[in-house]
Structures are given as structure tokens and as C-alpha cells.
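**Student:** Order-wise, the sequence lines are chains A and B. All letters in the first sequence, in the order written, are residues 1 to 166 by UniProt numbering. All letters in the second sequence, in the order written, are residues 1 to 166 by UniProt numbering.
Wrong hints could be hidden among the right ones.
The list treats identical chains as one, so a pair stands whether inside a single copy or across any two.
Computed cross-link-like contacts, SDA-like style, restricted to lysine to any residue with a CA-CA straight-line distance of at most 20 Å [said to hold, decoys possible]: (1) 54 to 66; (2) 3 to 81; (3) 3 to 79; (4) 3 to 75; (5) 54 to 80; (6) 3 to 72; (7) 54 to 83; (8) 54 to 67; (9) 54 to 72; (10) 54 to 81; (11) 3 to 80; (12) 3 to 73; (13) 54 to 68; (14) 3 to 76; (15) 3 to 78; (16) 3 to 71.
The hints are simulated quantities; they were obtained by calculation from the structure and are not laboratory data. Here the structure is a predicted model, which means the values were calculated and not measured.
Each chain, letter by letter, is given below.
2 protein chains.
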Amino acid sequence: MAKEIERKFLVADDGWKAGVGTTSKFLQAYIATGEDRSIRVRIIDGERARLTIKLGRDLLVRDEFEYDIPVADAEELMQAAIGIVLEKSRHRVDYRGFTFEVDEFAGFYHGLIVAEVEMRSTEDRPDLPAWLGREVTGDKRYSNMAMATNEDLSAELGHGLSNPPL
Amino acid sequence: MAKEIERKFLVADDGWKAGVGTTSKFLQAYIATGEDRSIRVRIIDGERARLTIKLGRDLLVRDEFEYDIPVADAEELMQAAIGIVLEKSRHRVDYRGFTFEVDEFAGFYHGLIVAEVEMRSTEDRPDLPAWLGREVTGDKRYSNMAMATNEDLSAELGHGLSNPPL
Numbered sequence: 001m002a003k004e005i006e007r008k009f010l011v012a013d014d015g016w017k018a019g020v021g022t023t024s025k026f027l028q029a030y031i032a033t034g035e036d037r038s039i040r041v042r043i044i045d046g047e048r049a050r051l052t053i054k055l056g057r058d059l060l061v062r063d064e065f066e067y068d069i070p071v072a073d074a075e076e077l078m079q080a081a082i083g084i085v086l087e088k089s090r091h092r093v094d095y096r097g098f099t100f101e102v103d104e105f106a107g108f109y110h111g112l113i114v115a116e117v118e119m120r121s122t123e124d125r126p127d128l129p130a131w132l133g134r135e136v137t138g139d140k141r142y143s144n145m146a147m148a149t150n151e152d153l154s155a156e157l158g159h160g161l162s163n164p165p166l
Numbered sequence: 001m002a003k004e005i006e007r008k009f010l011v012a013d014d015g016w017k018a019g020v021g022t023t024s025k026f027l028q029a030y031i032a033t034g035e036d037r038s039i040r041v042r043i044i045d046g047e048r049a050r051l052t053i054k055l056g057r058d059l060l061v062r063d064e065f066e067y068d069i070p071v072a073d074a075e076e077l078m079q080a081a082i083g084i085v086l087e088k089s090r091h092r093v094d095y096r097g098f099t100f101e102v103d104e105f106a107g108f109y110h111g112l113i114v115a116e117v118e119m120r121s122t123e124d125r126p127d128l129p130a131w132l133g134r135e136v137t138g139d140k141r142y143s144n145m146a147m148a149t150n151e152d153l154s155a156e157l158g159h160g161l162s163n164p165p166l
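Make a model of the complete structure from these sequences and hints.
**Tutor:** This is the structure in C-alpha cells:
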């Protein structure tokens with residue numbers, strides 16, 4: 001079990017593109033959700049898959065349990081997804097000792113770009129690159145779980161946005 | 001992914017005790033449930049643990065995905081159980097080519113004994129030993145998920161029954 005401590009931001013401009021280290025393609029879906037928990041399936045670059053359980057109401061710090069599973073299992077589990085399967089490219093951008101993960105959505109949320117930085121403790125104060133926009137840590141509308149499973153939200157954010165919402 | 005095909009029975013008398021092969025002690029809890037799915041954590045004999053996802057509305061045949069996880073993870077996940085943690089001894093009794101699993105509950109459901117037989121196909125017709133009572137396949141009251149998470153049911157079946165309900 002790991003603690004997940006992260007902050008989340010919208011992205012103001014394309015400045016991040018110059019700093020991309022690695023990129024992975026994610027398919028991501030939820031097979032169970034609750035107010036204080038989610039069970040997520042991810043297929044990474046079409047060749048690896050993981051099952052992740054997140055527990056806890058705190059959007060900044062949560063318990064996270066993660067297990068490798070066969071890709072074939074993940075594909076079957078995605079057939080039983082609650083809501084939609086999210087598609088995104090995750091770009092890793094190192095900036096002053098921290099790695100920012102820039103999630104560029106495709107498919108239903110095409111046009112939406114969100115950046116997360118994972119911290120080692122809640123006391124960490126990462127320097128923020130200039131291309132970050134408004135912080136949305138704790139804004140449930142930008143949780144991937146809500147984006148996948150919440151129909152109202154999909155109507156608000158989805159269907160090919162050309163710019164991230166402000 | 002495996003298909004789970006099983007029938008479930010109450011137990012009429014102690015005849016099964018003579019045929020017990022192996023016995024395991026289970027702690028079992030649910031971390032997410034839905035009409036057509038459950039995510040279960042089990043600790044077996046205090047030394048192994050498994051995460052199991054079951055999908056499908058059909059109580060006779062369901063898709064089952066099962067993964068070994070660390071016991072420490074299972075213990076943490078059980079802290080977040082929905083409802084109660086079930087305690088039972090699972091006795092395996094071979095009978096004419098099929099294995100009957102006799103679940104003898106302890107703790108909250110002390111006194112309740114239920115037997116299941118797992119089949120390879122829905123066409124299998126296992127011979128039924130004389131110690132089996134009424135068949136309860138498909139009776140949601142005897143699903144472990146309902147027993148763990150349904151408060152009404154706990155009141156009906158739980159608190160130290162001395163005999164299985166008829």
C-alpha cells in the first residue's frame with residue numbers, strides 16, 4: 001500500500017511540450033466507485049495492465065493499492081466499466097526535482113489537458129512551471145473517476161473541447 | 001478470468017464431517033459491491049490473501065477474476081470493508097467426483113453452515129450427498145456479499161444461530 005499525495009492543475013499553454021521525457025498511452029476505466037473509494041483498471045501502451053484501489057475521502061492524500069494484472073483480464077473488466085473508458089496520453093515532464101504528469105485526453109475528452117505533480121509528503125512545495133494554469137486539486141470535476149462515471153460532468157467537459165475549461 | 005458455476009445448499013445434518021479432506025480458515029470482506037459486481041478480499045489461514053472481482057447478474061454463472069495480494073494489503077483493505085468481515089472455516093468434502101465446500105461460519109454468523117459445489121459446466125449434474133438440505137442457489141440471502149453488507153439480512157440470519165434457517 002502506498003500513499004498518494006498529489007496536486008492537480010489545468011494547463012495554460014503548450015510550454016510543457018518542450019520538456020516531455022516519456023509518454024505512455026493509457027486506457028482507464030472504473031469498475032466500482034463510492035464516495036470514499038474507487039477500483040480502476042488501466043491498460044498502458046496496450047501491453048501492460050494494472051488494477052488500482054484507492055481509499056479515502058481526502059483528494060490530496062489517499063491510500064493506493066496497485067496490482068499488475070493480465071491485459072486480457074483488463075480488457076474484460078473494461079467491458080464492465082461504469083461510464084466510459086478514458087483515453088489519454090500521459091507525458092512526464094521533470095521540473096526542478098519534481099515530475100509533472102501531463103494528461104492529454106483523447107476520445108470523449110479530446111482537448112482537455114490536466115497536469116499532476118506527485119509529492120513525497122504534504123509538506124513538499126514543488127516549484128510550479130509557468131505553463132500551469134489554475135490549480136484544481138480537490139475539484140471533483142477533474143477527478144478521472146468523475147470524468148468517467150458522472151454523466152452530468154461528461155456533458156460539461158466532454159465532447160471534444162478545444163481548450164481546457166477555465 | 002474464470003467462469004464460476006456453482007450450486008449452494010443448506011446443510012441438514014453433520015454427515016459431512018466424516019468426509020472432510022482439508023479445511024481452511026477464511027476472513028472475507030467486501031470493499032465494493034453493486035447489483036452485478038463485487039470486489040472481495042480474503043485472508044486464508046492468516047498467511048495468504050486474494051482479491052477477487054466477480055461480475056455478472058447470474059448467480060449460477062459469473063465471471064471471476066482473482067489475484068494474489070500481500071496479506072498486509074488485505075488487512076488494510078478489510079479496515080475499509082463495507083459491512084462486516086465474515087469468518088468461516090471452509091471444509092472440502094469430495095463426493096462422487098465433485099468437491100463440496102462446506103462453509104461453517106464463526107463470529108457474527110456462528111451456527112450457519114452452507115455447502116457449495118463448483119461445476120465445470122451448467123450441464124454438470126453432481127450427485128448430492130444425503131447431508132445436504134434445501135438448495136439455495138440464487139437466494140441472495142445466502143450470498144456472502146449480502147451476508148457481509150446487508151444490515152437487514154444480518155438481523156435475520158446472524159447473531160449466533162444454533163441451526164441453519166430452513
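**Student:** Regarding residue 54 and residue 81, is the shortest C-alpha distance of 20 Å or less found within a copy, between copies, in both, or in neither?
**Tutor:** both (16 Å within a copy, 13 Å between copies)
**Student:** How would you classify residue 54 and residue 80 at a CA-CA limit of 20 Å: within, between, both, or neither?
**Tutor:** both (19 Å within a copy, 11 Å between copies)
**Student:** Please sort residue 3 with residue 73 into within, between, both or neither, judging by C-alpha distance up to 20 Å.
**Tutor:** between (26 Å within a copy, 12 Å between copies)
**Student:** Between residue 3 and residue 75, at a C-alpha cutoff of 20 Å, which is it: within one copy, between copies, both, or neither?
**Tutor:** between (27 Å within a copy, 16 Å between copies)
**Student:** Given identical chains, is residue 54 near residue 67, meaning Cα to Cα at most 20 Å, within a copy, between copies, both, or neither?
**Tutor:** both (12 Å within a copy, 17 Å between copies)
**Student:** Under a CA distance limit of 20 Å, which applies to residue 3 and residue 76: within one copy, between copies, both, or neither?
**Tutor:** Between copies, since 12 Å is at most 20 Å while 28 Å is not.
**Student:** Can you tell me if residue 3 and residue 80 fall within 20 Å by alpha carbon in one copy, between copies, both or neither?
**Tutor:** between (27 Å within a copy, 15 Å between copies)
**Student:** Checking residue 54 and residue 66: alpha-carbon separation at most 20 Å within a copy, between copies, both or neither?
**Tutor:** both (9 Å within a copy, 18 Å between copies)
**Student:** For the identical chains here, do residue 3 and residue 79 meet the 20 Å Cα criterion within one copy, between copies, both, or neither?
**Tutor:** between (29 Å within a copy, 16 Å between copies)
**Student:** Please work out whether the CA atoms of residue 3 and residue 78 approach to 20 Å or closer within one copy, between two copies, in both situations, or in neither?
**Tutor:** Intra 25 Å, inter 17 Å, cutoff 20 Å: inter-copy only.
**Student:** Since the copies are identical, ignore which copy is meant and state whether residue 3 and residue 72 lie within 20 Å (CA to CA) inside a copy, between copies, both or neither.
**Tutor:** So residue 3 and residue 72 pass the 20 Å test across copies only (14 Å; inside, 28 Å).
**Student:** With identical chains, the pair residue 54 and residue 68 could be close in the same copy or across copies; at 20 Å between alpha carbons, which is it: within, between, both, or neither?
**Tutor:** both (15 Å within a copy, 18 Å between copies)
In this structure, none of the earlier numbered hints is contradicted; all agree with it.
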